[in-house]
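J.: Protein chains in written order, with my numbering: chain A, 1 to 236; chain B, 237 to 494.
Keep in mind that the hints were calculated from the coordinates and are not lab data. Since the structure is predicted, the reported quantities are computational estimates derived from the model, not experimental observations. It is possible that part of the hints are untrue.
[To be verified] Listed next, the in silico DSS-like pairs over lysine-lysine satisfying Cα-Cα at most 25 Å (straight line): (1) K490(B) / K355(B); (2) K260(B) / K165(A); (3) K241(B) / K23(A); (4) K361(B) / K124(A); (5) K123(A) / K366(B).
[As the list claims (entries may be wrong)] Negatives, chain B to chain A, calculated, CB over 12 Å: (6) E259; (7) A284; (8) A420.
[To be verified] Chain A stretches covered by chain B per the calculated footprint, using a threshold of three residues with CB under 8 Å from any CB of chain B: (9) 11 to 20; (10) 56 to 63; (11) 105 to 118; (12) 141 to 150; (13) 168 to 180; (14) 208 to 214; (15) 224 to 232.
Cβ coordinates follow ideal geometry from the N, Cα and C atoms, glycine included.
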Amino acid sequence: MGNQVVSHEAWLKARLELLAAEKELTRQRDALTRRRMAMPWERVAKSYQFDGPKGALALADLFDGRSQLILYHFMFGPDWEEGCTSCSFWADNFNGIAIHLNHRDVTLAAVSRAPLARIGAYKKRMGWSFPWVSSAGSDFNRDYSVSFTAEELQKPVFFNYEMRKLPSDADEWPGISVFCKDETGAIFHTYSCYLRGIDMVNGAYQFLDLVPKGRDEDGFDFSMEWLRRHDEYDER
Amino acid sequence: MTKHKTGTREEWLAARLPLLKAEKELTRRGDELAQRRQELPWVRVDKAYRFGTDEGSASLTDLFRGRSQLLVYHFMFGPDYKAGCATCSTIADGFDGFAVHLANHDVMLSAVSRAPLAKLQAYKKRMGWKFPWASAHGGDFNFDFNVSFTEEQQREGRIEYNYERGGHAMDATTQVPEPVAVNAAMAGTDAATYTRERPGMSAFVLEDGVVYHTYSTYARGLDGLWGMYQWLDRAPKGRNEEGVWWLRHDEYDKRKAR
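In isolation and in its complexed conformation, chain B is listed as follows (with noise of 0.2 Å):
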């Protein structure tokens, strides 16, 4: 028998209450900040990035299609990659099903990496995916956006991470935390190349033919966005994790559904 504490319709309802007026508070923030979001000031863009796309060569406007607003996730598989980050195609699984929706509202969801395009054409492939995923290969765009770092910048502890220098655990370069050598291996990769490349959002609005950086969010500023966890947060186990239990979509066959 369950050792949870368990209760009648009333003692559950009588804690659901409570949980809910809180919950409609967090509601209510999160509503707060979204629009604080859209109050941020804008920062023009000038530097003319250039993306390898399926219909050839693209500018930051072309990413747009026609929408005005971008939503660019910046999907981790370097040029040294064997495959797109397993973490990232979680997320993945997530917004391919939506992004339709999103484009039929005025915004425009892409994924950039570093890899070639060939790359990243077989890994959607591979995967079932529809959403745009452009290549960034060559360019600053990554670097620009603190996605991508330099040799360098890892080896001297440069790496400027979610607004903050070596606050993230991606920035270790001895001691590699488990679950970023799991995803390493994943990745087909080391751990130094696999951190070279970290995830993160960013947005850009289109207005009058110019392109604007409006956003960016990185780390567990991903967090409400990644569908999967924000349903185990209902579960009665919660998250229920201890380092890195998931795969990609077409490798569970390999395990048991536990």
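Okay, chain A solo, but in the shape it has when bound (with noise of 0.2 Å):
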């Protein structure tokens, strides 16, 4: 910090400097969302069962009545007390716009391969609304590349698009992926991403991305050292 003091003229001219090259990326923006609605659909033929506060749920329930489903691939592991610290952040983000969504066609949910159980008690701690089930025992996680084995972390493994090496205690990974079903019932994978592709939809990272000190994590031994859940924050 300590930046440049100036007029505002001269804050305006090195602002609309800004102001050009942002809208450039905001149409840049724009035309990557014209391109994902314009992927090839993959057809899901696999029958996967998730674990609901109702029951059994099929893919197809997941949708909930909507024909767009965006899923978010919510750490939480089988052995694990509690969700991931980072993903409840990116929780605190969608649990509020969920509602919105579910008015342009879209169910936006969670999928862990925790129990459900603990599930519905980390969600009840949290304050959140969303729908979340549990893919325990299911390859749901495996087939769209969050989870791995122990084995498997022993090699390279196909994450993010590629061939690599993974830290290998490092079992559940975060993403999303959407899907979208037609008039007949037939379901189609649509889109993924991982690791930086999730970043856009973490408004807290867009709005650090305004501030002067900006996202100031260099500091950490980890990027998100500073983050905490939401009930874990010391009163200020």
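These two chains come separately, so use the hints to put the complex back together.
T.: Spelled out as structure tokens, the structure:
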């Protein structure tokens, strides 16, 4: 920090140059949305079973009467006591807007490998309302490249669309997978993204990108070291 | 059966990989712009603004609440609105959930509007939000940061919003675009009154007791901050909108969720 201090007129000159670049970025983002929408769809032939508060659910059921389904792959492994802190940050971002997506024919839900009872308890603790199902006992997480076995992690695995060696204890990963259901009930996988692919749906990071210190994570051992679950911060 | 192009896993991947490359380029470009924002010069704020807050009368410095950075969401809620802007309410539904994380990372996020504090408090309670929301009622703050305009400016076509004059759909005074008319009605006011308030985001920094203005963005500059749009941009149908489809989160039960 300690930036140059100038008159409003001098600031405006710098701001207008940046504005032109920002507008270009917005248009590039729009163009990528169009490319995503033009992606071919991949038929989902396999049947998956999920565990929801009212019992067993098929992938088709997760659409909840709508034609589009966005699943947030929430890191919460079978033996974990709590959901992942970073994923909880993402959930704090989308919990309040899922209702709006519902009115654009989109159901937004989370899916994790933890048993449903543990998911339910954690969801209650966090005060969230979005649907969240368990994929325990199903291949779903593995097929969508967000869960790996200890054996697989000994070698490079296909993650974020490339073969890479992940840390041997990193069995759960975050991501987003999107599905579409046509009028015959056929389900298609349209899109998945991982790692920084989920950056844009974290509004907090987009907000931090506007302030003088930016994301301000350079001084940490890992970028999100500062982060806590929303009920774990000291009152300030 | 769907008319959309379908393919095998291999065909899907063949399309996904070049898209991924383009997405990574966009992410890096976004990082570069964030870096450029951080390098912007600062403008010292000398004017003594006063705000109405839950804790009483406050200065701009007070809005930082002990942090060194302040983000102000210019929430459209004019003195004559009956309710806060429904569109602004959808961005607030996103940031209400994560403001706590920013507050623990040296950034205080606060909404500021021109309606009297009592109106803001009642609406905030109705919406169930927790973020701080200050009233700039009777002060110059909103006018100085180009999110409120006078009737005279509007009548004479002298509104400068988003760094240009007459460049925005909300500047129209005769043929009011339908989304503007719909939003005005949802705020319980007329189009002219509704559009004298505008949305935006301004950033400030506090250093050695002095407040500096560092950044402001308006119009589609807010697009990337709008959680619901970033999710819709990943859905097969995209934003899938013609006109105003959204309501406040407590108004949807009037309508079937589809």
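J.: If you check each hint against the structure, which ones fail?
T.: 3, 6, 10 and 12
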